[in-house]
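Visitor: Sequence:
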Amino acid sequence: MQRTLILLCGNAGHGKSTVARLLRERLSFNGVLSKIDAFAAPVKAIVAAKYGVPEYILDAPRAVKESKVYSGRTVRQLCIKEGEDAKLELGEDVWANRLWERFTGPGYPVTIVMDGRFPDVEIAGLRARANDDYAVYAYRVVRPGEPVDMSTRTESLIALAPETLFDGTILNDGTELDLKRQVNPLADQLAGNWRRRSSVLRVATIAESV
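Just so you know, our numbering puts 204 at position 204 of the sequence shown, and the rest follows in order with no gaps.
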């Protein structure tokens with residue numbers, strides 16, 4: 001089965017999770033099954049297991065994670081600590097590798113990732129793995145006027161990433177309906193791309209078996 005990975009990239013509060021939800025809804029309308037995933041999903045699982053942080057807090061907006069304290073650190077600080085500790089021990093690409101394993105394993109034909117932040121390891125690194133079986137697209141989500149904390153590594157790196165790294169930009173500058181007007185045509189195009197690639201793959205598989 002042909003697989004498609006859609007990376008939604010941008011800073012905190014710019015609307016990546018909303019875009020992910022709208023993409024999934026429209027892909028479903030087109031008859032294409034998809035799931036929403038995140039590079040940080042395993043990190044959240046570690047924080048939940050080690051510190052007893054409830055899932056609803058881990059999935060809450062940034063302001064909530066910055067206000068809740070466990071073991072002397074805010075939930076956001078715990079997530080950053082566990083994520084960076086794993087990178088030091090297992091390599092900078094550890095979370096990109098785990099995501100790729102989930103994407104290429106048994107599951108949905110389309111995976112939407114809603115937390116792309118690191119241009120080299122996460123975006124360029126995964127795009128370099130694309131082949132006939134696995135398509136990878138990257139879109140930047142931008143909310144004009146939303147503050148960007150340039151003092152943090154994750155926020156500054158994605159904010160300064162070149163436009164050439166992305167297939168397009170989704171401008172979140174209005175209501176959710178305005179956002180849907182941008183997302184729906186994109187989802188329709190991605191669904192069409194998936195069908196075409198799947199058809200080519202089926203034809204090639206049949207030809208090889210003859």
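Just so you know, these hints were derived from the structure itself, not from any lab. Be aware that one or more of the hints could be misleading.
What the hints assert, rightly or not - When the alpha-carbon atoms are kept at most 20 Å apart in a straight line, the in silico PhoX-like pairs for lysine-lysine are as follows:
| id | residue 1 | residue 2 |
| --- | --- | --- |
| 1 | Lys35 | Lys50 |
| 2 | Lys50 | Lys81 |
| 3 | Lys35 | Lys180 |
| 4 | Lys87 | Lys68 |
| 5 | Lys87 | Lys50 |
| 6 | Lys65 | Lys81 |
| 7 | Lys44 | Lys87 |
| 8 | Lys68 | Lys44 |
| 9 | Lys87 | Lys35 |
| 10 | Lys68 | Lys50 |
| 11 | Lys65 | Lys44 |
Unchecked claim - Between beta-carbon pairs, the in silico distance windows are:
| id | residue 1 | residue 2 | range |
| --- | --- | --- | --- |
| 12 | Asp85 | Asn184 | 24 to 34 Å |
| 13 | Leu90 | Arg195 | 30 to 40 Å |
| 14 | Gly192 | Gln77 | 41 to 51 Å |
| 15 | Asn184 | Gly91 | 14 to 24 Å |
| 16 | Tyr56 | Gln77 | 16 to 26 Å |
From the three backbone atoms N, C-alpha and C, an ideal C-beta is built for every residue, glycine too.
Visitor: All hints, please: hold or fail.
Guide: So, going through the hints one by one against the coordinates:
Proximity of Lys35 to Lys50 is assessed by CA-CA distance (about 26 Å); at most 20 Å being required, the pair is judged violated. In summary, the hint linking Lys50 to Lys81 is supported, as the alpha carbons are separated by about 12 Å, within the 20 Å threshold. Between Lys35 and Lys180 the alpha-carbon distance is near 18 Å, which keeps this suggested pair within the 20 Å criterion. The hinted pair formed by Lys87 and Lys68 fails the criterion: a straight-line CA distance of about 24 Å is larger than 20 Å.
The hinted pair formed by Lys87 and Lys50 meets the criterion: a straight-line CA distance of about 18 Å does not exceed 20 Å. Taken as a hint, the Lys65 and Lys81 pair is honoured in the structure, with Cα atoms around 14 Å apart against an allowance of 20 Å. For a cut-off of 20 Å, the pair hint linking Lys44 to Lys87 stands: about 15 Å separates their Cα positions. Pair hint Lys68 plus Lys44 holds up; C-alpha atoms about 14 Å apart against a cutoff of 20 Å.
With a CA separation close to 25 Å, the supplied pair Lys87 and Lys35 exceeds the 20 Å bound. With a C-alpha separation of about 15 Å, the suggested pair Lys68 and Lys50 falls inside the 20 Å cut-off, and the hint holds. For the hint linking Lys65 to Lys44, the alpha-carbon distance of about 11 Å falls within 20 Å, and the restraint holds. Look at Asp85 against Asn184: about 40 Å separates their beta carbons, and that is not inside 24 to 34 Å.
Range check, Leu90 to Arg195: about 37 Å between beta-carbon atoms, so the 30 to 40 Å window is met. Here the CB-CB span from Gly192 to Gln77 is close to 43 Å, well matched to the stated 41 to 51 Å. With their beta carbons about 38 Å apart, Asn184 and Gly91 fall outside the hinted range of 14 to 24 Å. As the Cβ distance of Tyr56 to Gln77 is approximately 18 Å, the hint placing it in 16 to 26 Å holds.
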